[in-house]
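Visitor: Please work from the sequences and hints to get the whole structure.
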Amino acid sequence: MKRFRAFLNKEFLHIFRDVRTMMILFLIPVFQVLIFGYVIKNEVKDAKVAVLDFSGDAMTAALVSKLDAANDIEIVKTFSSYDQIEASFRANEIKAAIVFENNFAEKFNSKKTVDLQIILDASDPNLANLLNSYISAIANNYAQDKNIGAAKINVSVEPRMLYNENLSSAYMFVPGTMALILMVITALMSSISIVKEKEMGTMEILLVSPLKPIQIIFGKLAPYAILSIINAVSIIIIGNLIFGVPVLGSPLLLLFVSFVFILMALSLGLLVSNIANSQQVAMFISMFGLLLPTMLLSGFIFPIKNMPLALQYFSYIIPAKYFLTALKSIMLKGLGISYIWKEVTILILMTIAFIGISIKKFKIRLDS
Amino acid sequence: MSEDNIIEVENLVKKFGNFTANDNLTFTVKKSEIFGFLGANGAGKTTAIKILCGILFPTSGNVIVAGFDIYKERNIIKQNIGYMSQGFSLYEDLTVKENIEFYAGIYGVKRKEIKIRLDELVDKLQIHDLKNKFVKDLPLGWKQKIAFSVAIFHKPKIVFLDEPTSGVDPITRRQFWDLIYEAVESGITVFVTTHYMDEAEYCDRISIMVDGKIDAMGTPTELKTMYKAKNMDEVFVKLARKQTEEIK
Numbered sequence: 003m004k005r006f007r008a009f010l011n012k013e014f015l016h017i018f019r020d021v022r023t024m025m026i027l028f029l030i031p032v033f034q035v036l037i038f039g040y041v042i043k044n045e046v047k048d049a050k051v052a053v054l055d056f057s058g059d060a061m062t063a064a065l066v067s068k069l070d071a072a073n074d075i076e077i078v079k080t081f082s083s084y085d086q087i088e089a090s091f092r093a094n095e096i097k098a099a100i101v102f103e104n105n106f107a108e109k110f111n112s113k114k115t116v117d118l119q120i121i122l123d124a125s126d127p128n129l130a131n132l133l134n135s136y137i138s139a140i141a142n143n144y145a146q147d148k149n150i151g152a153a154k155i156n157v158s159v160e161p162r163m164l165y166n167e168n169l170s171s172a173y174m175f176v177p178g179t180m181a182l183i184l185m186v187i188t189a190l191m192s193s194i195s196i197v198k199e200k201e202m203g204t205m206e207i208l209l210v211s212p213l214k215p216i217q218i219i220f221g222k223l224a225p226y227a228i229l230s231i232i233n234a235v236s237i238i239i240i241g242n243l244i245f246g247v248p249v250l251g252s253p254l255l256l257l258f259v260s261f262v263f264i265l266m267a268l269s270l271g272l273l274v275s276n277i278a279n280s281q282q283v284a285m286f287i288s289m290f291g292l293l294l295p296t297m298l299l300s301g302f303i304f305p306i307k308n309m310p311l312a313l314q315y316f317s318y319i320i321p322a323k324y325f326l327t328a329l330k331s332i333m334l335k336g337l338g339i340s341y342i343w344k345e346v347t348i349l350i351l352m353t354i355a356f357i358g359i360s361i362k363k364f365k366i367r368l369d370s
Numbered sequence: 013m014s015e016d017n018i019i020e021v022e023n024l025v026k027k028f029g030n031f032t033a034n035d036n037l038t039f040t041v042k043k044s045e046i047f048g049f050l051g052a053n054g055a056g057k058t059t060a061i062k063i064l065c066g067i068l069f070p071t072s073g074n075v076i077v078a079g080f081d082i083y084k085e086r087n088i089i090k091q092n093i094g095y096m097s098q099g100f101s102l103y104e105d106l107t108v109k110e111n112i113e114f115y116a117g118i119y120g121v122k123r124k125e126i127k128i129r130l131d132e133l134v135d136k137l138q139i140h141d142l143k144n145k146f147v148k149d150l151p152l153g154w155k156q157k158i159a160f161s162v163a164i165f166h167k168p169k170i171v172f173l174d175e176p177t178s179g180v181d182p183i184t185r186r187q188f189w190d191l192i193y194e195a196v197e198s199g200i201t202v203f204v205t206t207h208y209m210d211e212a213e214y215c216d217r218i219s220i221m222v223d224g225k226i227d228a229m230g231t232p233t234e235l236k237t238m239y240k241a242k243n244m245d246e247v248f249v250k251l252a253r254k255q256t257e258e259i260k
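So the sequence lines, in the order shown, correspond to chains A and B.
The number in my numbering is simply the position in the first sequence, starting from 1, with 2 added.
The number in my numbering is simply the position in the second sequence, starting from 1, with 12 added.
What the hints contain is simulated information worked out from the structure, not anything from laboratory work.
Each residue gets a CB set at the ideal place from its N, CA and C atoms; glycine is no exception.
Everything hinted at is true.
Covered by chain A, according to a simulated footprint, are these stretches of chain B (three or more residues, beta-carbon under 8 Å):
#, region
1, 79-93
2, 103-109
3, 118-132
Calculated cross-link-like contacts (lysine-lysine; reagent style DSSO-like; alpha-carbon spacing at most 30 Å):
#, chain 1, residue 1, chain 2, residue 2
4, A, Lys214, B, Lys84
5, A, Lys198, B, Lys145
6, A, Lys344, A, Lys307
7, A, Lys4, A, Lys214
8, B, Lys225, A, Lys200
9, B, Lys109, B, Lys167
10, B, Lys127, B, Lys167
11, A, Lys4, B, Lys122
12, A, Lys4, B, Lys127
13, A, Lys214, B, Lys143
14, B, Lys122, B, Lys167
Guide: What follows is the structure in structure tokens.
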């Protein structure tokens, strides 16, 4: 145990002494959460909208003021012809335009149906979709209010976004960033640190020493496991304090799931260090083999169900996918272990598999 | 195993696929001697040293190091040997003191004992101003001397030196050998590989490896007489010539 402590001590010296390592460990996680939280937004906020009103009666005026009053929409222009809309889109002054047909109130009252056109700038498809449903919802709402007391009431669908009622993007990015950062720190850093020993020739010295191989590997991985846990906790706290991302479920379960994911990432790091013979190769494999899939195929940025079928199948072997599902279940839905045991089991099985392959490769290397 | 022998190797064979790196080696190393393991690059020296240190398993043959069997008692052997590799293998981002404390720590030297021996070492090498410097800032010669001191810090019975002097100038090499003699005086057996033939003269006994086989073994004087050579360099050249003639 004393020997192992000496080894652990050395590992922490390596980490605390290297400015780059310290930056990756402690600055990047904070920045990444802040950047993802603040900059990348796919929620509607003060979207500029124009109105083209061919009717100009009391009802359209009421509807316009209702739209303007809505939090996320700002009516900035009132036009009198379609051409103006086109020009305004091109000048990037508005994101959407609403067109009322003539005799709006009259048609509504007599026929109980009237047309309202929404023109959207779909060069930003996410925003266009959101605005579309947002404006439609307000208009339908208004129509329903007006219909009260009438003989026939149209049924309107009123969606309610569960677990993330405001469709806040921070809710998506905080768990995603957590997966990404834990992957970077554990897999990338630990694999580089092991490969560095191979590259410098110090691994041989360690193998000759009375330290058992398992102690060497454990000593190399343990510091990163500890630091990752610290990072996971700080990301959750930043997400909660700054972006209001809740932790509805058990914090202990959240820590447990994070720890399982960290172990999985460490076993991947170990595998990478077995394959790579230089730090550059380790970094390359980690970046393209681990980080990019975590970012792109886990459902973090792009919804998995929108992917081509082949990539959808491929996403099943991306560990972060299961971690994200479990994270969201605990943080946003407040679910317990009985709902996420499948994800946790898959992560544990993956860990065992990666460690198994690493040990096998390690043995082959010792023999030859 | 005889009382005087600290290493006994019998019919050691190590194959990598079809390639035989160590072809039926048999030799012994006596206690407190400097045993030179010579040979050209690729002759199989490093493979043999790795087997003796327990990081490679032999394909066949009996190997006993410090009285323990290489197959069954590797863990005890590891506690009793020191190893210094070609790259000097110190951690560049740690100070001299931290490196020593680390290696002493993983060999289980007690904290108090580490302090005592560290002070002795600092006095002996006169490195009072160097001990808190990072290894990366040291000249090569110092790195090498400190790496050797680290390898024998836990007072092993045998120390294996794998081309310890490669890339160092002759004066530093000479100083390095002074350290080796000192270690031998304190009872440590030194097993050293080198391809510098002048260094071979410093050894008590040498074996010369050619293509995985031991071609000649004895004291430098014995070998020089046997091959009617003025120095070890000539012995080596004659051996190599014999080899080529055999192939013809």
